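Colleague: Okay, here's what each chain looks like letter by letter:
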Amino acid sequence: GNSVTQMEGPVTLSEEAFLTINCTYTATGYPSLFWYVQYPGEGLQLLLKATKADDKGSNKGFEATYRKETTSFHLEKGSVQVSDSAVYFCALSDRRDDKIIFGKGTRLHILP
Amino acid sequence: DTAVSQTPKYLVTQMGNDKSIKCEQNLGHDTMYWYKQDSKKFLKIMFSYNNKELIINETVPNRFSPKSPDKAHLNLHINSLELGDSAVYFCASSQGLIYGYTFGSGTRLTVV
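These protein sequence lines map, in sequence, to chains A and B. Residue numbering for the first sequence follows the numbering used here, starting at 1 and increasing by one per position. Residue numbering for the second sequence follows the numbering used here, starting at 1001 and increasing by one per position.
What the hints contain is simulated information worked out from the structure, not anything from laboratory work. Just so you know, not all the hints are guaranteed correct.
Claimed, not checked - Below, in silico cross-link-like pairs of lysine-lysine (DSBU-like), each with a Cα-Cα straight-line distance of 30 Å or less:
| hint | chain 1 | residue 1 | chain 2 | residue 2 |
| --- | --- | --- | --- | --- |
| 1 | B | Lys1019 | B | Lys1044 |
| 2 | B | Lys1041 | A | Lys52 |
| 3 | B | Lys1067 | A | Lys104 |
| 4 | B | Lys1041 | B | Lys1009 |
| 5 | A | Lys52 | A | Lys104 |
| 6 | B | Lys1040 | B | Lys1067 |
| 7 | A | Lys104 | B | Lys1040 |
| 8 | A | Lys60 | B | Lys1040 |
| 9 | B | Lys1019 | A | Lys56 |
| 10 | B | Lys1044 | A | Lys52 |
| 11 | B | Lys1040 | B | Lys1022 |
| 12 | B | Lys1019 | A | Lys60 |
| 13 | A | Lys60 | B | Lys1044 |
| 14 | A | Lys56 | B | Lys1041 |
| 15 | B | Lys1041 | B | Lys1071 |
| 16 | B | Lys1019 | A | Lys68 |
| 17 | B | Lys1019 | B | Lys1071 |
| 18 | A | Lys68 | B | Lys1052 |
| 19 | B | Lys1052 | B | Lys1041 |
As the structure is a computational prediction, the values presented were derived from the model and not from experiment.
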């Protein structure tokens, strides 16, 4: 079945550091890919998405490119801020699915 | 104007009690979901409804019963609460999986 694997956390960085959170997926079809962010005490928010190969999703300085050849959708940001501290979830949906499948989440701590 | 609203935000109750969590969305979406998030942030789907019809009913104890009086509402009733039911419960809605979900802010259930 379809699945998502993302790097385990926690990830701790200093402010203004470069961020990469790795995500790879397994899917039988051509899935849509998502990154969600969950700030402390809040629900998940859609951060960005991509619906086909080579698409790049971007929002709030974060980017991720849909790489079909490596089945990956890594999240990147050039300069993180303390306010980026949160849990990040990679996810996918396939037209044959009836739900979105989430990775286990990666907790990110940014130190001032 | 909250898009997906859940009530209550916090719920503390004793073992054996029966409780309900309510969810409403004003986005006009056809499909609504209930997810359970454990202490390690792992998200597990419980139920989904499409326009009042049950679509997903994962392996969840019979003590959990969803009800959808109309497509804008999806409530979750839990009978005979157990310690292991303690978690954060999220409601979400979608107008198509390619667009992703919109989540509520969650209900933190604590069973004592």
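Colleague: When the hints from earlier in the document are held up against this structure, which numbers fail?
Modeller: 9, 12, 16 and 18
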